[in-house]
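Engineer: Protein chains in written order, with the UniProt record's numbering: chain P, 1 to 309; chain B, 1 to 324.
Read the hints as simulated data drawn from the structure, not as lab findings. Hints are not guaranteed to be accurate.
[As the list claims (entries may be wrong)] Derived DSS-like pairs (lysine-lysine); straight-line CA-CA distance at most 27 angstroms:
id: 1; chain 1: P; residue 1: Lys150; chain 2: B; residue 2: Lys96
id: 2; chain 1: B; residue 1: Lys96; chain 2: P; residue 2: Lys186
id: 3; chain 1: P; residue 1: Lys145; chain 2: B; residue 2: Lys96
id: 4; chain 1: P; residue 1: Lys193; chain 2: B; residue 2: Lys96
id: 5; chain 1: B; residue 1: Lys96; chain 2: P; residue 2: Lys303
id: 6; chain 1: P; residue 1: Lys261; chain 2: B; residue 2: Lys68
id: 7; chain 1: B; residue 1: Lys96; chain 2: P; residue 2: Lys155
[Claimed, not checked] Facing chain P, from chain B, some residues (calculated, C-beta under 7 angstroms):
id: 8; residue: Phe64
id: 9; residue: Gly66
id: 10; residue: Leu282
Think of the CB as a built atom: it goes at the ideal place given N, C-alpha and C, for glycine as much as any other residue.
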Amino acid sequence: MKSLKKLSLLTLLAALMVFTAACGGGASTDKTTEKDKPTTPKTEEKQELSGSLSVSGSSAMQPLVAAAAEEFMNANPKVDIQVNAGGSGTGLSQVAEGSVQIGNSDVFAEEKQGIPADQLVDHKVAVVGMTAAVNPKVGIKDIKKADLIKVFTGKITNWKELGGKDQKIVLVNRPDSSGTRAIFNKFALDGAKPAEGITEDSSNTVKKIINETDGAIGYLAFSYFTDNSVTPLAIDGVEPTAENVQSGKFPVWAYQHSYTKGEADGLAKAFLDYLMSDDIQNTLLKEQGYLPVTKMQVERDAKGNQKNK
Amino acid sequence: MRLCIYPIMTYFRGVWCIMEKLIPAKDRLLKSKNNWMDGELRGKVLVILCAVIMISATISITIFIGTKGLQSFIKNGVSLFEFLTSTHWNPTDQAKPEYGALPFIFGSFAVTFLSALVAAPLGIGGAIFMTEIAPSWGRKILQPVVELLVGIPSVVYGFIGLTVLVPFIREHVGGLGFSLLSGMIVLSIMILPTITTIATDAISSLPNSLREGSYALGATRWQTIRKVLIPAALPTLLTAIVLGMARAFGEALAVQMVIGNVRNLPSSILDASATLTTIITLNMGHTTYGSVENNTLWSMGLILLVMSFAFILLIRYLSSRRKL
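So here's chain P without its partners, still in its complex pose (with noise of 0.2 angstroms):
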């Protein structure tokens, strides 16, 4: 009976199919049918959260995002939270065309070239402070501005110069598009054109070549001066501290952004209340080494105007 054979065979790969998907697709069967419920508004407040939520964006910020919605998932088991880092671009882009919830970026919206800024409703989660970091071996702690500047754009290229040892200055830059680098050259180098220099996207890999290269300088986040394989240099004798942003006397510094389409609703809005809420400003983000957004004393819009609050 060989149809017979063939069709039982069919039947149990059908069978087997239907197993499958029910051991381990539990996950992603879930999260599409599900997808549509973070968008019904809740009207009461306690009544529990569920559903999913789709995060994506800079991956600067997915450490801090991740943490905090792995935090707010153990206080709301029927919640699943998803955080993607595929770069600030990526994570503008797929907000606005709704393909996430929310859009992390560390650039306003407004920078980046062909985003509906507009149609994007703003929440500023955290601040991150950045400086020029040398190798150890340049034997300079602090740096005028006006001669950062030259460093940067080639016309010091020497160490010597500027009371350093002799050593042949090395720039390490990023990438044209990346966020750091429009920040760090917007603040730091007041719009100046850096030179060339090797290029490089990961701050774990510029921290590993400044450390390891003579004479070498970049640029980093606070957060990467945990130990003594860079020095971070102060800018016109300001220390790059978290004081000193806050109150507005250190410059280069930038806010994280996360972006919602329209207002935040559902569950798009209880997680970025979460982001906000003292709990996670006081102590998550200060063990991840950001600052928290609301002991900043001075605040910034997107065409880089900075006012006290």
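Guided by the hints, dock chain B onto chain P, whose structure is given.
Structural biologist: Quick look at chain B alone, frame taken from chain P:
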């Protein structure tokens, strides 16, 4: 999983046995003849389906990259001539953005040819060693070594390059360590297995009569290899090199970690450089869909695709020259 299925399978097997005994052989044979699921037809459908899926995937990818890659020229008005010939790459400049991808195109070709230059003699030499010099023990050692090289992920090659090779070159050769030279070394190790494997197959598949004839004429072993075997296997050996080059041309991650990613044209082998693939991987995540920056990255992807077609055409041409 297997535990759940097993009882079901035995149950079905039981049913088949009973059914087979109930229906006479004649009916069974007649019935199976005009069954739509008969082996021939089903096999044919299955295989055609596979072919259609593969062909449509390739065609749709080509069309997608084609339309995406041409947008920067059609929609954003980037000049194709500037893109291919200018050495100034400055897409984020507000006032006067420049889109010259020549340094990256040059970098891609430079590392590809340089790594082929290193890997081709090594790979072919290894292949000759395995097939002609020490077919028994040599092959036993070299074959697993080559297979092992295939299995190492490219990111691991890059990481080794960044940790070991770059400091080594900085201290012992000169320059920053991030250089064309580092990229060349990492890539040549990566494409070595491709070249070695294909070259080994090419030489070992040569008919034995060639060797015997050569020896009969009084040629030594080296003369046989150099004057008979290599010329006979040459088209396939060239195919092996071109395939290796195609892989080197498309490699991104490992190269990105050691080449330095500088936008200038390198003036020496110790200068840092950049390739099309490294610029794409560095910038893709930061750019927004539909922006000029993003579209120019797609254009670079298109160049990569065109080049891989060119490599394939070259391989087709070389294989058509094969005489044996």
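Engineer: If you draw a straight line from the CA of lysine 96/B to the CA of lysine 155/P, is it 27 angstroms or shorter?
Structural biologist: holds, 22 angstroms
Engineer: Can you confirm whether the C-alpha distance between lysine 150/P and lysine 96/B stays at or below 27 angstroms?
Structural biologist: holds, 22 angstroms
Engineer: Please check whether glycine 66/B passes as an interface residue: C-beta within 7 angstroms of a C-beta belonging to chain P.
Structural biologist: violated, 21 angstroms
Engineer: Quickly compare the C-alpha distance for lysine 193/P and lysine 96/B to 27 angstroms and report which way the hint goes.
Structural biologist: holds, 12 angstroms
Engineer: Hinted pair, alpha-carbon criterion (27 angstroms max): lysine 96/B, lysine 303/P. Please report holds or violated.
Structural biologist: Within the cut-off at roughly 19 angstroms; holds.
Engineer: Taking 27 angstroms as the top limit, are the C-alpha atoms of lysine 96/B and lysine 186/P close enough?
Structural biologist: Holds, at about 17 angstroms.
Engineer: Holds or violated: lysine 145/P with lysine 96/B, Cα cutoff 27 angstroms?
Structural biologist: Judged against 27 angstroms, a Cα distance of about 26 angstroms means the pair holds.
Engineer: Taken at face value, is the distance from the CA of lysine 68/B to the CA of lysine 261/P at most 27 angstroms?
Structural biologist: holds, 26 angstroms
Engineer: Going by Cβ atoms only, is leucine 282/B closer than 7 angstroms to chain P?
Structural biologist: holds, 4 angstroms
Engineer: Once the shortest beta carbon distance from phenylalanine 64/B to chain P is found, is it less than 7 angstroms?
Structural biologist: violated, 17 angstroms
The structure fails to meet hints 8, 9 from the earlier list, while all remaining hints are met.
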